[in-house]
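Take these sequences, add in the hints, and give me the full structure.
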Amino acid sequence: MANYGGSIRIDVAQCNGDMACMRVCPTEAIRVRGGKARIIESRCIDCGECMRVCQTHAISPITNSFAELSRFDHTVALVPPVLYGQFGPGVMPERVLAALERAGFDCACDLTMACEAVNGALERYVRNSRGPRPLISCFCPTVLRLIQVRFPELLGMILPIESPKEIMARQIRRAKARRLGVAEEQIGVIHLTPCPAEMLDVIGHPGKEKSDIDGVIAILDIYRTVLSLLPISGKRESGERTPISGVGLNWAILGGQTAFLKRENCLAVEGLRNVIRILNDIEMGRLRDSDYVELHACPHGCVSGCLLVENPYVARARILGILGRLGDQARRSERELAEVCEPGDYLVDRRLSAQSPGPLDSDVGRAIAKIRRFEEIRQSLPNINCGACGAPSCTALADDVVREEAQTSDCVFVALRQLRSEQTRVWDVPPVEKYGGER
Amino acid sequence: MGEGTFSREFEVFGGDFYNAGRVSTEIKEILRQIGIGAATVRRAAIAVYESEMNVVMYARHGKVGLEVTSDLIRLRVKDEGPGIEDIELAMQEGYSTATEEMREMGFGAGMGLPNIQKNSDRFVIRSEVGAGTELEIEVKVDRLATCQKQRGTISDER
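If you read the sequences in order, they're chains H and E. Counting from 18, one number per residue, gives the positions in the first sequence under this note's numbering. Counting from 21, one number per residue, gives the positions in the second sequence under this note's numbering.
Hint data in this document are derived by calculation from the structure and do not stem from the laboratory. Note that the structure is predicted; figures quoted are calculated from it, not measured. Worth double-checking, as some hints may not be accurate.
Stated by the list, open to error - Interface residues of chain E toward chain H, partial, derived using beta-carbon atoms under 7 Å:
| no. | residue |
| --- | --- |
| 1 | Gln53 |
| 2 | Ala58 |
| 3 | Ile66 |
| 4 | Ser90 |
| 5 | Phe143 |
Positions of the beta carbon are idealized from the N, C-alpha and C atoms, including for glycine.
Below, the structure written as structure tokens:
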């Protein structure tokens with residue numbers, strides 16, 4: 018099992034080396050060497066694109082299993098708004114929460130209210146802060162990784178607001194421990210995640226203080242159980258009735274954060290390619306007129322997380338359907354929202370540091386010599402990005418060669434050229450033209 | 021070109037708005053590979069971006085030459101285009117000859133040249149009306165900042 022520091026692992030035994038993951042990786046973080054895929058930790062942003070395309074299930078998220086929960090006296094499942102869109106039409110949040118409690122969690126804790134409360138804190142921060150613009154949203158962990166790896170200059174513009182799941186984890190742990198009269202450590206707070214990247218918030222970005230979440234379970238892993246246990250009505254064994262927030266429910270889909278801000282100059286951006294374009298624009302100072310950008314690595318927002326089941330278009334329609342059915346019942350009062358958390362507790366210092374792959378050499382002079390070599394190698398390669406060498410592009414291979422992690426002869430075209438010149442030298446046989454011309 | 025210099029040339033095509041910014045992204049990547057500090061990389065990238073945009077908006081064709089040594093980033097941007105009639109006027113913040121359409125797209129705010137000046141340590145502009153414009157831009161490498169670590173900052177909510 019080849020582990021690395023992020024949230025995704027590759028099981029070498031299962032890997033068939035078909036390079037699908039390598040080709041799809043948006044940050045060129047995968048190499049296939051010796052027929053097995055390998056993740057370069059410093060380039061990976063945990064987006065999960067590789068998992069989506071792997072045919073042999075060799076790539077999986079590092080999440081916890083249901084069985085691991087037995088070590089806690091009392092378990093709480095944190096339920097993100099996106100989960101409600103995963104079931105049939107007409108399945109209301111209350112029934113999903115009830116099914117989770119039937120499945121074995123002592124309490125299923127809805128996060129929509131926390132999302133709305135955080136949205137309020139976000140609105141206050143955007144209104145009052147006087148720093149550089151635009152402020153960048155911080156709720157997609159993949160986007161945070163992307164900024165660390167590719168846009169370190171923008172780290173200071175990331176909104177210093179805590180995520181709803183973390184705020185709720187802290188609150189519910191205290192509340193449950195008090196009510197049940199047990200130590201806070203006895204309460205197991207488990208987040209149900211739509212994507213592997215959310216695991217990063219729990220195992221920690223480097224420098225982040227300990228998370229209040231004890232574990233993460235992939236929605237994909239509990240889906241069948243929950244589906245089979247959906248009750249007819251929403252009556253819950255714990256007897257609790259959960260107020261659902263419409264504003265929070267909207268967080269499952271693109272634009273959920275910006276809709277509430279009611280400002281014309283806020284943007285909501287989806288999909289990694291678009292996010293990269295927007296971050297480039299921000300870095301060039303082009304979006305200073307915008308107050309806030311909501312960024313999602315996945316298309317349509319969290320509804321297309323790679324650990325979900327339902328088609329994202331359907332899931333989005335389901336969320337909107339629930340919103341419509343709830344109508345005014347989904348409005349939450351100022352008083353209710355104020356109870357979620359103390360105003361000061363919304364702020365967080367994520368201590369995100371630059372995590373780029375690093376220069377070619379620690380000495381600038383030597384790095385310049387190496388980049389000259391990189392340029393020479395790049396020009397000697399066919400530039401067709403066939404991937405046969407095990408790197409996703411000719412440029413990536415040139416980079417690997419300069420970093421002494423590969424050889425130019427890993428390129429089939431270079432190897433063929435060398436073979437031919439050797440043939441000519443040893444046997445004086447002219448190159449065979451029918452194998453294709455030199456590139 | 022000395023041993024310790026890296027140089028490369030890039031092409032920019034007039035009117036190619038879709039690819040506008042690509043050269044600056046590529047140069048940014050090169051400077052990072054060399055290990056230039058993030059703040060310096062950003063200054064150079066902004067200077068390239070603004071020059072690139074000027075070529076895209078006004079000229080037919082242009083070339084961006086990059087030369088990097090351990091203490092200096094030198095950029096030479098040469099275009100074939102209409103040239104600039106009054107350079108002093110063009111250097112003023114807010115002055116622009118951009119059309120209404122260009123402005124609506126968020127371009128041509130008259131900040132391009134002033135922005136290049138702001139983000140460079142030496143900036144020379146030469147232009148011939150009807151022939152083209154040539155920019156020479158130098159950004160000093162801040163050696164202290166090389167390899168520095170960034171940190172997210174926290175500020176008060178109110």
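These are the hints, each one checked on the structure:
Proximity of Gln53(E) to chain H holds as hinted, the smallest CB-CB distance being about 5 Å (cut-off 7 Å). The interface hint given for Ala58(E) is met, as the beta carbon of that residue sits about 5 Å from the closest beta carbon of chain H, less than 7 Å. For Ile66(E), the suggested interface contact is upheld, since its CB lies about 6 Å from the closest CB of chain H, less than 7 Å. For Ser90(E), the interface hint holds, since its Cβ comes within 7 Å of a Cβ in chain H; the closest pair sits about 4 Å apart.
The interface hint given for Phe143(E) is broken, as the beta carbon of that residue sits about 17 Å from the closest beta carbon of chain H, more than 7 Å.
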